[in-house]
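Visitor: Chains as they are written, first to last, in our numbering: chain D, 1252 to 1557; chain Z, 1252 to 1557.
Derived by calculation from the structure, the hints in this document are not laboratory data. There's no promise every hint is true.
Because identical chains share one entry, a pair is satisfied inside a single copy or across any pair of copies.
[Claimed, not checked] Taking lysine to any residue and the SDA-like style, the derived pairs with C-alpha atoms no more than 25 Å apart in a straight line are:
#, residue 1, residue 2
1, Lys1457, Asp1426
2, Lys1272, Thr1350
3, Lys1457, Gln1553
4, Lys1549, Glu1469
5, Lys1444, Glu1428
6, Lys1549, Asn1535
7, Lys1549, Met1446
8, Lys1272, Glu1427
9, Lys1451, Gln1431
10, Lys1543, Met1252
From a predicted model like this one, the values you see are computed outputs, not experimental measurements.
2 protein chains.
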Amino acid sequence: MSKLVIVGTVAFDAIETPFGKTDKILGGAATFIGLAASQFEVDGAIVSVVGGDFPKEYIAMLENKGLDVSSLEVVKDGKTFFWSGKYSHDMNTRDTLVTDLNVLADFNPIVPENYKDAEVVMLGNLHPLVQLSVIEQMNKKPALVILDTMNFWMDSALDDLMKVIAKVDVITINDEEARQLTGEYSLVVAAKKIMTMGPKYVVIKKGEHGALMFYQDEMFYAPALPLEEVFDPTGAGDTFAGGFAGYLAKTGDYSFGNLKKAIIYGSALASFCVEKFGTERMVNLDKDELFKRILQFKSLTQFDLD
Amino acid sequence: MSKLVIVGTVAFDAIETPFGKTDKILGGAATFIGLAASQFEVDGAIVSVVGGDFPKEYIAMLENKGLDVSSLEVVKDGKTFFWSGKYSHDMNTRDTLVTDLNVLADFNPIVPENYKDAEVVMLGNLHPLVQLSVIEQMNKKPALVILDTMNFWMDSALDDLMKVIAKVDVITINDEEARQLTGEYSLVVAAKKIMTMGPKYVVIKKGEHGALMFYQDEMFYAPALPLEEVFDPTGAGDTFAGGFAGYLAKTGDYSFGNLKKAIIYGSALASFCVEKFGTERMVNLDKDELFKRILQFKSLTQFDLD
Chain D
1252 MSKLVIVGTV AFDAIETPFG KTDKILGGAA TFIGLAASQF EVDGAIVSVV
1302 GGDFPKEYIA MLENKGLDVS SLEVVKDGKT FFWSGKYSHD MNTRDTLVTD
1352 LNVLADFNPI VPENYKDAEV VMLGNLHPLV QLSVIEQMNK KPALVILDTM
1402 NFWMDSALDD LMKVIAKVDV ITINDEEARQ LTGEYSLVVA AKKIMTMGPK
1452 YVVIKKGEHG ALMFYQDEMF YAPALPLEEV FDPTGAGDTF AGGFAGYLAK
1502 TGDYSFGNLK KAIIYGSALA SFCVEKFGTE RMVNLDKDEL FKRILQFKSL
1552 TQFDLD
Chain Z
1252 MSKLVIVGTV AFDAIETPFG KTDKILGGAA TFIGLAASQF EVDGAIVSVV
1302 GGDFPKEYIA MLENKGLDVS SLEVVKDGKT FFWSGKYSHD MNTRDTLVTD
1352 LNVLADFNPI VPENYKDAEV VMLGNLHPLV QLSVIEQMNK KPALVILDTM
1402 NFWMDSALDD LMKVIAKVDV ITINDEEARQ LTGEYSLVVA AKKIMTMGPK
1452 YVVIKKGEHG ALMFYQDEMF YAPALPLEEV FDPTGAGDTF AGGFAGYLAK
1502 TGDYSFGNLK KAIIYGSALA SFCVEKFGTE RMVNLDKDEL FKRILQFKSL
1552 TQFDLD
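Turn these sequences into a full structure, and let the hints steer you where they fit.
Guide: Rendered as structure tokens:
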């Protein structure tokens, strides 16, 4: 069992999908990452910030999942980061209605002293300089640093983003972002270019079309589980990343073969996340359900050659 | 080794992609299906029609691949079906520039007498009444009838199409067509609806995102091989179907487990098809190359669970 540092947002989300809408509910990249990673009973710490308006029950829930929240800073007179979005009918696109950075605007992440030797660092989607600060606080080179980011930072802070990309082992981005970052349409060519920027592993998230991992000249593909109903896609990418990071921290094996398994675990966890609004499904997920879904992934993808 | 009946177009194509453009070259659904199936040395017959302008060398090439062309009708004073299309920069959409039906307008398919007991029938994309006529000429119920069709027939001949769909074991259509046919966005729900129309197996082609097969409550997913360069997508869907049908005709095993393997073979063959213009890559493909690519699919998708 290795230690895992998770940095990312802990937030309020208000979500509207064709199935309904929510008031402010628990959200944020670090929340989804932490909930997914907690399935593996990892020794994980959440590095984030919330305002005085953030319910203590949420923090207690994260602690109950075994997550260290000593570096989840509470700014008493500040307000928690708030995001609101509305999904299209087919759930493939969404409009952001509100982004109130609030306490996130001045977030200065502090890695807990006893996690500065963590083997795995999961950098959730945040300003690249915040992500960089977390890497620089580690007093031992982590075995695996995983970066999640998005097109917003490519548009607004590309130089800073490139500095972070140079320092990570794994990058997870979606297909359009891989194309934007490299100017290459072919994901194979794009992944090769990204490897020259720093990461040894490139994980391309394709939403309902699954995920594709590149390493040297090898590729691995995991489908998304086809579902009868996708209720709310919010947090699916973070859940995928959290499952990936959590499985690797649990096993402490950073070989390509084990990263494949981590991709499958991440995909399986993401398939639960979308079944309910926000974090609801992830908070109530048990190991038996996860085990059964992993078997579904096996039957979905495995074949025997003569 | 089972017999295989293939009905579909044999045509001239003129293609423009970002990589170049061709004059009239060999194309057509039955051509691509036949070339893919011939990789398995099946006893296959092509039922189609061409005009007097169709080069004898093309017919000789198909014969050399072991395909029976006795029911490839040549209308001496007619012209061969001609299609011309231009692909967008990302190859994901194409505009049809010309469709000259020519001899196809009055095509009356004749299944050769010695193929009327074929175990596998592959109905390539054509007017549903032509497809129906082929089914009705069989004097023994085939073990497996596979239907490929497209949105054009859903728009223009839905009643006829539904009659064919009711009589087949396998349908292959793309994701948008599955949605159009059922009015359901979820492919899982759409596939269930299509099963109530007749087919036991529903194969959803997702282009660069692979293929998804549904059978009862089970699913199987095969990715498309990620490629550095897609040169010309023309015929990839037909090649997929031809590989699928050819593998099944060769093995004579119509179990779900064997259909999974057939999907992988179809996907592997389609990945070659797009590497050159038209049929060029398929005409020159050898078994060793196919075997190597099947191993790539294995390493792309297979993982070990503890």
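Visitor: All hints, please: hold or fail.
Guide: Checked hints:
When the C-alpha separation of Lys1457 and Asp1426 is checked against a cutoff of 25 Å, the pair qualifies both within a copy, at 6 Å, and between copies, at 16 Å. Taking identical chains as interchangeable, the C-alpha atoms of Lys1272 and Thr1350 lie at most 25 Å apart only when both belong to the same chain, with a minimum of 17 Å there against 48 Å between chains. Within a single copy, Lys1457 and Gln1553 get their C-alpha atoms as close as 20 Å, and across copies as close as 19 Å, so both meet the 25 Å cut-off. In this assembly of identical chains, Lys1549 and Glu1469 lie within 25 Å of each other by CA distance both inside one copy and across copies; the values are 20 Å within and 12 Å between.
Taking the closest pair of Cα atoms, Lys1444 and Glu1428 come within 25 Å of each other only inside a single copy of the chain (13 Å); across copies the shortest separation is 35 Å, beyond that limit. For the homomeric pair Lys1549 and Asn1535, the shortest alpha-carbon distance inside one copy (23 Å) is at most 25 Å, but the shortest distance between copies (35 Å) is not. Within a single copy, Lys1549 and Met1446 get their C-alpha atoms only as close as 29 Å, which misses the 25 Å cut-off; across copies the closest is 24 Å, which meets it. Taking the shortest alpha-carbon separations for Lys1272 and Glu1427, neither the intra-copy value of 28 Å nor the inter-copy value of 27 Å comes in at or below 25 Å.
Taking the closest pair of Cα atoms, Lys1451 and Gln1431 come within 25 Å of each other only inside a single copy of the chain (19 Å); across copies the shortest separation is 42 Å, beyond that limit. For a Cα distance limit of 25 Å, the shortest separation of Lys1543 from Met1252 inside one copy, 23 Å, qualifies, whereas the shortest one across copies, 38 Å, does not.
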